[in-house]
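Starting from the known structure of chain A, arrange chains C, E and L on it as the hints suggest.
Residue numbers (this note's numbering), protein chains in the order written: chain A, 1 to 135; chain C, 1 to 135; chain E, 1 to 135; chain L, 1 to 135.
Hint data in this document are derived by calculation from the structure and do not stem from the laboratory. Take these hints with a grain of salt, some might be off.
Pairs involving identical chains hold if they fit within one copy or between any two copies, as the list cannot separate such chains.
[Claimed, not checked] Cut-off 25 Å, straight-line C-alpha distance, at most; resulting in silico cross-link-like pairs (SDA-like, lysine to any residue):
(1) Lys115 x Asp72
(2) Lys50 x His73
(3) Lys50 x Thr104
(4) Lys132 x His73
(5) Lys65 x Leu112
(6) Lys129 x Val9
(7) Lys65 x Pro84
(8) Lys75 x Val8
Protein chains: 4
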Amino acid sequence: MHYITDPVVVRYSETDQMQFVHHSNYLKYFEMARLDWLSSLSISYAEMEKAGILMPVVSAALYFKKPLFFGDHFKVGVQLKKTPMATLEFDYQIVNQYNEEICTGSTVLAFLLSKTNRPTRCPKILLEKLPKIDI
Amino acid sequence: MHYITDPVVVRYSETDQMQFVHHSNYLKYFEMARLDWLSSLSISYAEMEKAGILMPVVSAALYFKKPLFFGDHFKVGVQLKKTPMATLEFDYQIVNQYNEEICTGSTVLAFLLSKTNRPTRCPKILLEKLPKIDI
Amino acid sequence: MHYITDPVVVRYSETDQMQFVHHSNYLKYFEMARLDWLSSLSISYAEMEKAGILMPVVSAALYFKKPLFFGDHFKVGVQLKKTPMATLEFDYQIVNQYNEEICTGSTVLAFLLSKTNRPTRCPKILLEKLPKIDI
Amino acid sequence: MHYITDPVVVRYSETDQMQFVHHSNYLKYFEMARLDWLSSLSISYAEMEKAGILMPVVSAALYFKKPLFFGDHFKVGVQLKKTPMATLEFDYQIVNQYNEEICTGSTVLAFLLSKTNRPTRCPKILLEKLPKIDI
Chain A
1 MHYITDPVVV
11 RYSETDQMQF
21 VHHSNYLKYF
31 EMARLDWLSS
41 LSISYAEMEK
51 AGILMPVVSA
61 ALYFKKPLFF
71 GDHFKVGVQL
81 KKTPMATLEF
91 DYQIVNQYNE
101 EICTGSTVLA
111 FLLSKTNRPT
121 RCPKILLEKL
131 PKIDI
Chain C
1 MHYITDPVVV
11 RYSETDQMQF
21 VHHSNYLKYF
31 EMARLDWLSS
41 LSISYAEMEK
51 AGILMPVVSA
61 ALYFKKPLFF
71 GDHFKVGVQL
81 KKTPMATLEF
91 DYQIVNQYNE
101 EICTGSTVLA
111 FLLSKTNRPT
121 RCPKILLEKL
131 PKIDI
Chain E
1 MHYITDPVVV
11 RYSETDQMQF
21 VHHSNYLKYF
31 EMARLDWLSS
41 LSISYAEMEK
51 AGILMPVVSA
61 ALYFKKPLFF
71 GDHFKVGVQL
81 KKTPMATLEF
91 DYQIVNQYNE
101 EICTGSTVLA
111 FLLSKTNRPT
121 RCPKILLEKL
131 PKIDI
Chain L
1 MHYITDPVVV
11 RYSETDQMQF
21 VHHSNYLKYF
31 EMARLDWLSS
41 LSISYAEMEK
51 AGILMPVVSA
61 ALYFKKPLFF
71 GDHFKVGVQL
81 KKTPMATLEF
91 DYQIVNQYNE
101 EICTGSTVLA
111 FLLSKTNRPT
121 RCPKILLEKL
131 PKIDI
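Next up, chain A with everything else stripped away, as it sits in the complex (with noise of 0.2 Å):
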């Protein structure tokens, strides 16, 4: 993995009647991870807003090996799957404090122009700020 989140405790708002976490929320744990990530390399995803260019959602996978609970502590790792073009394509794998593998998961992010709402390339700021994937 590229990047491992701080422990994060799961919040008891975030169990549903099922008493573990809504699989929902899993998506939030990645995008957590993923501005996180972006901000440890010095990217400022608030900035990149402001400066015009959202990072909108356009596909998302998940898979739920074990439930969090109440009071859980996690990890969630993420991965850049290949130097950005058009897409930015991430891994993720959350575990658990016994290191047990709960989700794993991908997410793939466009780049938009807010003011035109029209597809755009990876800003270079961050692909120079991004590591090189060697294929």
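Just chains C, E and L, lined up with the frame of chain A:
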């Protein structure tokens, strides 16, 4: 009540492991009801935002009487407390399908110019369409 | 599609600062639609849970085509992919009020005995009420 | 304040289209802080639930002073208002990274026996570990 919503079904994702609706959702239900009401008065909150006026919540109070369960359907009543000036004050009452009182509450909203982030008075278009409150 | 929900209005709280619905909400919309559908077939998921059978989501895929905005109203179509065995597989399609395709996706659900937390087969009562899928 | 959390980073998914944190999230932040605090006193809320005691919120009040933005990091202070009897009363204060007051509030929690759904007194184990409040 000035307005009562159509029945709304409790979503599974709105429950927590206590087996009923998480209390934070009631603020979302209140919001849904007051925006529904404005919409029924031909006041588009989306249009107001585009015209540069935001209506953030500045305070809220909630009283939880009985739980709402997954599958329950509830209605939200909304009442304007007084003629809006610098703020807009609402009372709410949520009842379930058995007409049991689930939750009551109130919110105070301000008017904010989105460009300057400064408070402003209640816009005329809103004032004209809202019911008159006699005291 | 085997089932299409009534129109659902996008809630303000479902948007994020990108000005449209946060992508994690689509998993909640999918869930709402499949439980609606079960309910329309006189299958109470709440009753199944009380009888000790949970149906956690084990995988999900989502494809975001166009954004949903606050105030939009959308319908969710649900389709059972094949006769349920150890898992239950659904396809989804969300369209907005202009009949534009917003999001498609799929989920796989397992059957779990809540007492033992072990997988089980699709319960007969469910199997009998679900539509037969010819392949 | 009896307890102050570590800094928490605002998640992107917690914003709405008003460009700052949706007000319903503050109830989740309050909850996170009080459960953190209990945990720091070696009181496991998860254990209490397993022992059959639920602590639902029966009322809440919130005062929003300034917005929280994506990327901000905030701390939540929690204060027990008085020695718990039939209810547990907390005050809260949220401050951002500039030490600006963002939100204050309070919640009242009840003790409920999960088997009978009936109110009960504050359990001894909790009473012994909570700080004494002199009036």
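Against the structure, the hints:
Taking the shortest Cα distances, Lys115 and Asp72 sit within 25 Å of each other only across copies (21 Å), while inside one copy they are farther apart (42 Å). Proximity of Lys50 and His73 under a CA criterion of 25 Å is satisfied inter-copy only: 19 Å between copies versus 33 Å inside one chain copy. Within a single copy, Lys50 and Thr104 get their C-alpha atoms no closer than 31 Å, and across copies no closer than 29 Å, so neither meets the 25 Å cut-off. In the homo-oligomer, the alpha carbons of Lys132 and His73 never lie at most 25 Å apart, since the shortest distance is 31 Å inside one protomer and 30 Å across protomers.
Within a single copy, Lys65 and Leu112 get their C-alpha atoms only as close as 33 Å, which misses the 25 Å cut-off; across copies the closest is 13 Å, which meets it. Proximity of Lys129 and Val9 under a CA criterion of 25 Å is satisfied inter-copy only: 22 Å between copies versus 29 Å inside one chain copy. Proximity of Lys65 and Pro84 under a CA criterion of 25 Å is satisfied inter-copy only: 20 Å between copies versus 29 Å inside one chain copy. In the homo-oligomer, the alpha carbons of Lys75 and Val8 lie at most 25 Å apart both inside one protomer (6 Å) and across protomers (15 Å), since each shortest distance falls under that limit.
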